[in-house]
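Visitor: In order, the protein sequence lines correspond to chains A and B.
If you use our numbering, the first sequence corresponds to residues 1 to 450, in order.
If you use our numbering, the second sequence corresponds to residues 451 to 840, in order.
Since the hints were made in silico from the structure, they are not lab data.
Be careful, since some hints might not be right.
[Unchecked claim] Stretch-level coverage of chain A by chain B, calculated; a stretch enters the list once three of its residues show a Cβ under 8 Å from a Cβ in chain B:
#1 340 to 347
#2 370 to 381
#3 423 to 435
[Stated by the list, open to error] Quick list of the computed label-pair ranges, beta carbon to beta carbon:
#4 382(A) - 540(B): 38 to 46 Å
#5 47(A) - 453(B): 43 to 51 Å
#6 685(B) - 375(A): 47 to 55 Å
#7 644(B) - 334(A): 56 to 64 Å
#8 650(B) - 17(A): 57 to 65 Å
#9 382(A) - 650(B): 39 to 47 Å
Using N, Cα and C, we set each Cβ at its ideal position, and we do this for glycine too.
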Amino acid sequence: MNSEPAVYRLARGLDLKLSGQARPVRLDLSSAKSFALKPGDVPGIEPIPRLFASEGARVLAGDPLFASKAAPEVKFCSPVSGRLQEVRRGAKRAIAEVVIEADPQVDFRIFPKPDLAARDQVVELLLESGAWVLLRQRPFNAIPDSAAIPRDIFISCFDTAPLAPDYAVLMEGKEEAFQMGLRVLRSLTSGDVHLGTVQTSVDLFRKAEGVKVHTFSGPHPASLVGVQIHHVAPISKGDIVWTVKPQDVAIIGNLAATGQFDARRTIALTGAELERTGYCETRLGTAIEPLVHQNLKQPRVRLIGGNVLTGQRIGADGHLGLFDDQITVIEEGDQPEFLGWLLPSYPRPSMSRTFLSFLSPDREYRVNSNPHGEGRAFVMTGEYERVVPMDLYPQQLVKSILCRDFHQMEGLGIYEVVEEDMALCEFVCTSKQPVQRILREGLDWMRAEA
Amino acid sequence: MRALRTLLDQSKPHFSQGGKFEKLHYAYDALETFLFVPGQSCADGTHIKDGIDLKRTMFTVVLAMLPCLLFGIWNVGHQHYAATGEFTAFAAGFAEKAWMGIAIVAPMLIVAYAAGLGTEFIFAILRGHPVNEGFLVTGMLIPLIMPPTVPLWMVTLATIFAVVIGKEAFGGTGMNILNVALVSRVFLFFAYPAYMAGDNIWVAGDPARFVDGYSGATPLAVAYLGGMEALPAGGYTLADLFWGTIPGSIGETSVVAVAIGALILIATGIGSWRIMVSMLGGAVAMGVLFQATGIQPFLGVPPHYHLMMGSVLFAAVYMATDPVTAAQTEKGKVVYGLLIGVIGMLIRVTNPAYPEGWMLAILLMNVFAPLIDHVFLTANMRRRARRAFK
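With the rest of the complex left out, here is chain A (with noise of 0.2 Å):
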């Protein structure tokens, strides 16, 4: 049953209008040739987990490669078949990368179908295929508890980050299996499944059925799903709410009805430095190389999978990650600048009203990753609370992590945000306190302590 969408209005928060937009229009790319995955995606993960496979071993599609010793049950599974061609390590023999190549068609492992009345036959599959990793928890942002059963499910189904993609131009083609995948999710949670809209989302978002579906406007960070679980229904000391993308319901969906983990993504390729920016269709954990192929403007550039506010770095022969549905090349900013400070070189997109460019509003930016000053001691006050538009003392929450003071941690919500809902205080600091960093460093001592 459908019920009347709710309005929330979020005054505060940052629009950044960066240059760089994907144009709707979708590039015919070569296909890639390798996919990884990537542990460290996910909080939680051991440095060296439980391989399944070794190296020249053939998959399937849904073969799992590895899983945590803490939970081996969940398993990280093969987006595509092929050979695993190199488990890519890092410091200490950590695991950065299962690097698969892939053949020209995809075969699929087949799973059983799962009755959706049996909660249990529906875990048991996604566990197996892969798509559990899809799934997120709150608090924390890990993986959820397989045992666990959580009070909500929310998706949001619009972004406001920065050159972020329509999914209007994500969803084509995948409305059937995010109705059935809807459907699944249903079954999964003993409340609702919440969708995060706006007026202009698409009817599959506004009109989806037997689910709770919300209206957010306002600037960013109103997309993001930690914003929405704060207005809608907040997190409290002991709830547990699963968090997924579209895109992943989509899979979710698909997996249920065919048996089969198809791992598609509609990535949108954007930044200043890209010479022709759209969308294209692949898979999870593609390699980057074939999306950037004699695409890029000039050499010195910075690949992020994701958003400038979220993502992760990327090198040339890496891999995008296991949530990336964009990527943004932006130019590399490690030039000095003569008075920077006082006389600007180039226009730069800034919440304070000190530069000359506040007066064009829309105006876009091409940016570097300069972070135009040094680390401070925290000094400005008021500038975090301007671009979280919850009920929260970001400024304090950061303080008291830094103190590793328990009490005031939980009493001011630290389970309530992860590291992107406070991304942009990173982005507006004066001082560039390095503020996700300190709220991973945050959850992971709350999730050890508690």
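Place chain B on chain A using the hints.
Guide: Quick look at chain B alone, frame taken from chain A:
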């Protein structure tokens, strides 16, 4: 530019680990980062960052203080030449007045910056952390709150005291509890009170050359004793109070100059309008309350006169809004400002020794600011806990 960059790059090894001047690394670093925004790139976290940094923020505050400084320089000269009877009209003797003002204020600025930055550099080198930008603002604030007759050695002593006890003892920029510029003034206020209070310190120059019967009393002192009627008798019109052509501390007298500064700070988003408005609101409310009780000092002085006399506007715009020492929650800032206004006005009206209380009120509320924040944080934590039990 490239020559400068090359020079810096060539001398860098001497100031790095293993170099001859390894201990002076942070002195070199302060100069290098002043001239060039470092060519770093974001390491982890967001890949782009806001263009603002602490240097630009401090520069904006300095910009906002310039109207007060420039007017103050001229006013120092004007008060002197008006007192000697040579150039009593505003337009007369502009060059002489400006020159006199510069001769008095520029040495104070140089001494304040040299003493303060010198102390900061020493601490940065001793403690091994970068020199922070906070003193760029404090160094200009200190002369602006001094009377023009204060000796330079006192300014030096006060600045060193303020930087060491007011700031470095707590851990440097961002860690201090008390407003650093006010610590310098309060040090002089208690250590050398004859130079900080009284009627004969507000006009620069040799008092023997003043016109007979000239009193250098500020409008505040005049109104304190004689109420509203004494102001025109003392030669102070509303226009004088508004434009600032009255004796007082160097930067505090002109409503127009402070208003321009306030506009700059609010328009750029650097200064908290909440603190400014609530402090002035609290002061006015308290003033009205005193009027209603018919208390003798300032008899008949309406609230808008109160705001134009003394240093209340200057304190509201530049002192109370210091983000490190003020309350840090937005709601807390309103309470903080209100209490400063109330307490400052209380001191102004009831204190028999010295008719001005903003310095002490702000320092008192600096100490209470964490408590104010604590109240709001606790309320937030209670709201959250209540949700858990629903």
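Visitor: Using C-beta distances, would you say chain B covers the segment 340 to 347 of chain A, given that this needs three or more residues below 8 Å?
Guide: Result for this restraint: holds, n = 4.
Visitor: For the hint 47 to 55 Å, verify it against the beta carbon of residue 685(B) and that of residue 375(A).
Guide: 54 Å, holds
Visitor: The segment 370 to 381 of chain A covered by chain B? Criterion: 3 or more residues, Cβ-Cβ distance below 8 Å.
Guide: holds (count 11)
Visitor: When you take the CB atoms of residue 644(B) and residue 334(A), is the distance between them in 56 to 64 Å?
Guide: Since the Cβ atoms of residue 644(B) and residue 334(A) sit about 57 Å apart, the hinted range of 56 to 64 Å holds.
Visitor: Lying within 39 to 47 Å: is that true of the beta-carbon distance residue 382(A) to residue 650(B)?
Guide: Since the Cβ atoms of residue 382(A) and residue 650(B) sit about 43 Å apart, the hinted range of 39 to 47 Å holds.
Visitor: Verify this for me: three or more residues of the segment 423 to 435 of chain A with a beta carbon less than 8 Å from a beta carbon of chain B.
Guide: Since 10 is at least three, the answer is holds.
Visitor: Is 38 to 46 Å a correct range for the gap between the Cβ atoms of residue 382(A) and residue 540(B)?
Guide: Taking Cβ atoms as reference, residue 382(A) and residue 540(B) lie about 40 Å apart, which means the hint holds.
Visitor: Taking 57 to 65 Å as the stated bounds, is the beta-carbon spacing between residue 650(B) and residue 17(A) within them?
Guide: 59 Å, holds
Visitor: Could you see if the CB distance from residue 47(A) to residue 453(B) stays within 43 to 51 Å?
Guide: 48 Å, holds
In this structure, every one of the numbered hints holds.
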